[in-house]
Amino acid sequence: MSALARPAAGTPQADAAWDRRRVFLANLRSVGGRAYPRVHGLFREPSWVLFEILLPFLTTSAFVFVYRALQAPPEYVGFVVLGGAMTAFWLNVIWMMAAQLYWEKDQGNLELYFASPVDMMSVLFGMAVGGLIMSSTRAAVVLAVGAVVYGVTFTVDQWGLLLLVFFLTLAALYGLGMMLSSLFVLWGREAWHLTQLLQEPVYFVSGLNFPVGRLGFLGALAVALIPLAVGLDAMRQLAFAGALGPTGTPPPEIEALILVGMAVTFTWMARVMLRILERLAREKGRLSARWR
Amino acid sequence: MSEPHLAPAIDVRGVQRVYQAKPKDVVALAGVDLRVEPGELFGLLGPNGAGKTTLIKILTTLLLPTAGTASVFGFDVAADAKRIRRIMNMVAGGEQSGYGILTVREQLWMFSQFYGLGRREGWRRVDELIEAVGLAEQRVQRVSELSTGQRQKMNLARGLLNDPWILFLDEPTLGLDVSAARTVRELVVEWRAAVPGRTVLLTTHYMAEADELCDRLAIVDRGRILAEGTPVELKRRVQRESVFRLELDRLAGGAAALAALPGVVRAATMSDGAGEVGRERQSVVVNLVLDDDAALGGVVGALGGLGARIVALQKSEPSLEDVFVELVGRGFDDEAVHHGERPGPPPATLAEMTHDTEEAEPLGSEVTR
Ligand SMILES: Nc1ncnc2c1ncn2[C@@H]1O[C@H](COP(=O)(O)OP(=O)(O)O)[C@@H](O)[C@H]1O
Ligand SMILES: [Mg+2]
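Chains as they are written, first to last, in numbering that gives the first Met the number 0: chain A, 0 to 291; chain B, 0 to 368.
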């Protein structure tokens with residue numbers, strides 16, 4: 000059996016000494032490795048049609064009809080579609096990302112990841128990339144539906160800024176997701192309540208289906224902590240240029256800066272929490288599946 | 000440790016590990032010293048709760064010792080975890096790692112990426128290993144659809160992805176059928192033999208497995224190493240006594256009743272007894288250690304008085320279980336039943352503390368109750 004007989008190179012001590020390039024490449028590859036099951040597992044269950052296409056379509060439609068019944072101005076339908084598309088990412092972050100490490104712990108994967116030579120942050124990052132790619136289908140479906148079925152038209156002056164804000168929003172969202180992920184392992188069941196807390200009002204409050212600017216100053220301030228709210232507000236301003244009038248929120252350039260701050264802060268905090276997690280695991284033995 | 004290339008594969012000195020737990024702290028390791036040389040296949044043999052997994056976790060850098068030091072190929076588990084992680088891997092029995100939705104090939108490839116194998120290199124290595132562990136037919140089958148045996152072969156392949164210098168196997172054949180367990184054992188032996196210096200640390204609570212596989216082994220109980228040596232050396236320790244395997248239809252008073260008879264050094268119920276066969280048809284298998292063969296007559300004569308009939312009687316060649324009984328004064332799955340003074344070292348306070356906590360997870364077999 001040749002695979003077992005492969006001659007190992009050098010000595011254990013030489014094999015344990017990796018240069019910077021090797022460390023970097025290993026971490027880079029582990030991002031791709033961890034993203035893989037997300038991306039390739041997605042379309043394997045037939046239920047994906049339901050979850051990725053039908054449900055997003057239905058929820059978006061429902062909101063469109065509500066707004067029409069309320070005789071809201073037509074741009075609002077555009078807001079709904081944009082909000083609906085971004086919900087895909089938000090739900091992915093609070094439901095899948097946040098609970099992911101907790102689940103990985105039960106599965107025994109977390110120990111293997113910690114015991115592997117790469118930084119746990121790369122694994123977490125791969126998880127985020129996978130989730131992001133996976134949710135993109137859903138988001139794209141909602142946008143397409145909005146444009147084709149409900150005839151939403153976007154008037155964009157600054158494509159570059161819009162794209163930038165979009166990617167910054169994703170960075171902040173998935174930064175938050177990575178942070179929540181470690182928090183869940185630390186908090187266990189308590190953290191489920193946090194998700195519930197984030198889920199319900201967020202539909203409404205983050206401006207997913209309702210423009211933040213209409214909430215007044217305090218309301219807007221409260222939800223500004225949620226990256227989705229900031230990102231969406233900026234994207235609305237950019238995607239429906241001129242149609243909105245004064246919104247009472249900062250201009251998109253400022254919101255982009257806020258998003259940069261959020262992305263950096265959340266990602267940094269995710270890293271800090273992973274460190275805490277690993278320290279607790281090694282000191283208190285709290286990483287194993289069998290011992291909560 | 001001044002000459003790193005001469006460093007032992009495993010060097011454990013005075014390691015203790017205490018878990019903070021609810022009613023009382025648990026002392027999982029109560030001072031362990033261990034040295035394993037490069038190239039050895041070393042076994043840790045001990046009952047559930049002995050501390051085997053805890054020691055593996057410390058050596059695989061997942062857990063810090065509460066006291067003492069441990070190193071792997073000269074790298075300290077606390078300070079040099081990164082380096083250890085590059086040259087080791089681990090596989091546990093009953094491991095459910097990975098993602099059920101992936102195929103065997105995909106799952107292994109995913110793991111290969113955490114060890115820095117290139118994309119192509121990863122696929123090539125995965126295919127080689129799938130072949131080597133005998134999963135060629137399952138290569139594009141979903142992980143969730145594998146049998147327990149196939150699953151464990153895949154887990155073993157995962158553990159070999161990075162060509163580790165040291166492989167930690169925590170009860171690798173747990174719950175496997177006879178043939179799958181044999182395959183796993185053969186693969187481990189073959190892998191280790193293929194390159195000088197490859198080292199295996201294996202834990203098990205199957206005596207026969209330890210006996211068959213290990214160059215050397217340590218018998219562990221309650222967080223301590225009670226004895227260490229080759230299987231032959233360990234068994235030689237009990238050879239001087241006369242040991243019988245006595246199967247009875249029932250035994251009022253348990254092994255303790257036999258232990259009280261003249262000429263009996265020790266009596267303990269064995270784990271291989273027919274425990275599962277309904278309440279009334281239970282037979283009891285006792286490991287009987289006598290001063291010498293002549294004492295047997297007296298024991299047989301006394302059985303009538305205990306209301307027991309002999310189902311089978313056989314002189315035993317010493318097994319590792321006998322060694323364990325000798326060292327600990329109880330069977331592998333027994334509560335302590337012993338007569339006369341305890342042959343092992345006197346239990347220290349730490350060991351006593353461990354004992355208390357074990358009651359949460361009872362060790363005694365039905366037979367002794
Ligand atoms: N994380 C933990 N927290 C509390 N107690 C633990 C933990 N892990 C193991 N133990 C306890 O430590 C002792 C040794 O366990 P373990 O190392 O798993 O033994 P083995 O692998 O030999 O069965 C047992 O009493 C077990 O209950
Ligand atoms: Mg164990």
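Some hints could be false.
[Said to hold, decoys possible] Quick list of simulated restraints, FRET-style, between CB atoms:
| hint | chain 1 | residue 1 | chain 2 | residue 2 | range |
| --- | --- | --- | --- | --- | --- |
| 1 | A | 253 | B | 147 | 36 to 46 Å |
| 2 | B | 93 | A | 156 | 22 to 32 Å |
| 3 | A | 61 | B | 176 | 51 to 61 Å |
| 4 | B | 21 | A | 275 | 15 to 25 Å |
| 5 | A | 267 | B | 23 | 34 to 44 Å |
| 6 | B | 262 | A | 9 | 54 to 64 Å |
| 7 | A | 21 | B | 181 | 35 to 45 Å |
| 8 | B | 235 | A | 102 | 29 to 39 Å |
| 9 | B | 136 | A | 42 | 42 to 52 Å |
| 10 | A | 20 | B | 136 | 46 to 56 Å |
[What the hints assert, rightly or not] From chain B, some residues computed to sit far from chain A (all C-beta separations above 12 Å):
| hint | residue |
| --- | --- |
| 11 | 8 |
| 12 | 23 |
| 13 | 84 |
| 14 | 117 |
| 15 | 157 |
| 16 | 177 |
| 17 | 225 |
| 18 | 229 |
| 19 | 243 |
| 20 | 261 |
| 21 | 295 |
| 22 | 312 |
[What the hints assert, rightly or not] Computed list of lysine-lysine pairs in DSS-like fashion (alpha-carbon distance at most 30 Å, straight line):
| hint | chain 1 | residue 1 | chain 2 | residue 2 |
| --- | --- | --- | --- | --- |
| 23 | B | 81 | A | 283 |
| 24 | B | 23 | A | 283 |
| 25 | B | 21 | A | 283 |
| 26 | B | 314 | B | 234 |
Treat the hints as calculated values from the structure; they're not laboratory data.
Treat the numbers as computed from the prediction; the structure is a model and nothing was measured.
By construction, the Cβ of each residue, glycine as well, lies at the ideal position given by its N, Cα and C atoms.
Hint check:
1. Range check, residue 253 of chain A to residue 147 of chain B: Cβ separation about 58 Å, and the 36 to 46 Å hint is violated.
2. Separated by about 60 Å at the C-beta atoms, residue 93 of chain B and residue 156 of chain A break the suggested range of 22 to 32 Å.
3. About 53 Å separates the C-beta atoms of residue 61 of chain A and residue 176 of chain B, a value consistent with the hinted range of 51 to 61 Å.
4. Separation of residue 21 of chain B from residue 275 of chain A is about 22 Å and conforms to the stated range, judged on CB atoms against 15 to 25 Å.
5. For the pair residue 267 of chain A and residue 23 of chain B, the beta carbons lie near 39 Å from each other, so the given range of 34 to 44 Å is met.
6. Between residue 262 of chain B and residue 9 of chain A the beta carbon distance is about 60 Å. The supplied range of 54 to 64 Å therefore holds.
7. Between residue 21 of chain A and residue 181 of chain B the C-beta distance comes to about 38 Å, which sits within the given range of 35 to 45 Å.
8. For residue 235 of chain B and residue 102 of chain A, the hinted distance range of 29 to 39 Å is not satisfied, since their beta carbons lie about 50 Å from each other.
9. Look at residue 136 of chain B against residue 42 of chain A: about 25 Å separates their beta carbons, and that is not inside 42 to 52 Å.
10. Restraint check, residue 20 of chain A to residue 136 of chain B: a C-beta distance of roughly 39 Å breaks the suggested window 46 to 56 Å.
11. With a least beta-carbon separation of about 8 Å from chain A, residue 8 of chain B fails to lie farther than 12 Å from that chain, contradicting its non-interface assignment.
12. Separation of residue 23 of chain B from chain A is adequate, the least Cβ-Cβ distance of about 15 Å exceeding the 12 Å criterion.
13. Distance check for residue 84 of chain B against chain A: the nearest CB is about 4 Å away, which does not clear 12 Å, and the non-interface claim fails.
14. For residue 117 of chain B, the condition that its CB be more than 12 Å from all CB atoms of chain A is violated, with the nearest at approximately 7 Å.
15. A beta-carbon of chain A comes within 12 Å of the beta-carbon of residue 157 of chain B; the shortest separation is about 8 Å.
16. Residue 177 of chain B, annotated as away from the interface, keeps every beta carbon of chain A farther than 12 Å; the closest lies near 22 Å.
17. With a minimum CB-CB distance of about 24 Å to chain A, residue 225 of chain B clears the 12 Å threshold, and the non-interface call stands.
18. With a least beta-carbon separation of about 24 Å from chain A, residue 229 of chain B lies farther than 12 Å from that chain, consistent with its non-interface assignment.
19. Look at residue 243 of chain B: its CB is around 38 Å from the nearest CB on chain A, clear of 12 Å, so calling it non-interface holds up.
20. Listed as a non-interface residue, residue 261 of chain B keeps its Cβ farther than 12 Å from every Cβ of chain A; the least gap is roughly 46 Å.
21. For residue 295 of chain B, the shortest C-beta to C-beta distance to chain A comes to about 44 Å, beyond the 12 Å cut-off, and the non-interface label holds.
22. Against chain A, the non-interface label of residue 312 of chain B holds: every CB pair exceeds 12 Å, the least being about 41 Å.
23. Of the pairs offered as hints, the one joining residue 81 of chain B and residue 283 of chain A holds, with about 20 Å between alpha carbons and a cut-off of 30 Å not exceeded.
24. Straight-line distance between C-alpha atoms of residue 23 of chain B and residue 283 of chain A comes to about 14 Å, which keeps the hinted pair within the 30 Å bound.
25. Of the pairs offered as hints, the one joining residue 21 of chain B and residue 283 of chain A holds, with about 13 Å between alpha carbons and a cut-off of 30 Å not exceeded.
26. For the hint pairing residue 314 of chain B with residue 234 of chain B, the CA-to-CA distance comes to about 15 Å; that is within 30 Å, so the pair holds.
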